[in-house]
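Asks: Listed below, chain by chain, are the residues.
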Amino acid sequence: MNCREIADFLNLYVEGELPTAERTIFEAHLAECPNCRAYIASYRTTVSVVQQSAARDDCSPPVPEDLVRAILASVTTPAT
Amino acid sequence: MDMVPPNNRPLLPDEEILPGLQAGEQAAFEAFVRRFCDPMYYIAQRILRNEEDTRDVMQDAFLRAFRAIHQFEGRSQLSTWLRRIVINAALKKLKANQRHSSQSIDELLPQFGADEHHTREFTLLESTVEELVNRREIRLLVHRRIQELPEIYRMVVLLRDIEGLSTEETAEILETSVMVIKTRLHRARQALRTLLEPDLKGEAL
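So the protein sequences, as listed, match chains B and E.
26 is the number of the first residue of the first sequence in the working numbering; add one for each residue after it.
38 is the number of the first residue of the second sequence in the working numbering; add one for each residue after it.
If you are wondering where the hints come from, they were derived from the structure by calculation, not from laboratory data.
Just so we're clear, the structure is a prediction, and the values are computed from it rather than from any experiment.
In silico SDA-like cross-links for lysine to any residue, where the CA-CA straight-line distance does not exceed 25 Å:
1. 219(E) x 46(B)
2. 132(E) x 203(E)
3. 130(E) x 87(B)
Use the sequences and the hints to build the structure in full.
Replies: Right, dumping it as structure tokens:
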């Protein structure tokens, strides 16, 4: 397995979806390739930072009050 | 996904809002809107990146929800049900407004030489994920870089990594296969790694 293949199948490896035989070959390459190890580490960090940043959910201003009022006004006559 | 209403009334659980909603009560609808408008606005805004479209979709989605509340069977939380309505409405709006052809992501993917090795060396970050995420500048940069992705990849990241939908749910919403979603997500994550690398390293210095 070469570095390009490692990058191509990285998502399956990280998600634990590589079949055993392929996983063994994958890890054998990693054992000998510090650059691929560093790439995988940065990939994992990126995914974690993205997901955990989303969980904080504080990068947007609140809904403008006029929009809230417009939404409420749109249903002043309840649906029957 | 709870929010504090502006007048600091305590949040009502789903089972207290739902009967009033299904009876068409205005007060229940107001509680429903005030409870969920911020997180839903955020979802629509991230998908649409346009204030006018976001406002349109918010009104459309909440009205649809109010009219369809009798179909809500309680198999999920109200927030989950509403989120699906908002996402579908936003994607429909996006599709209607789309005027660009598919952008290439290739230049953001890792590059390889003729020997199939990476053309550059990668180094480990000094900061932990927690240290990075605790910085608001980093969280803002994450959102900015996601917006820089080509559209089809941006959507997959938003739905999978930001909204936490499953691969199957994402495939259904985007009307494609699980395999396509997996491939797009991987390429999107690789592209984000490229885009975020200088940002994350800058914080580590």
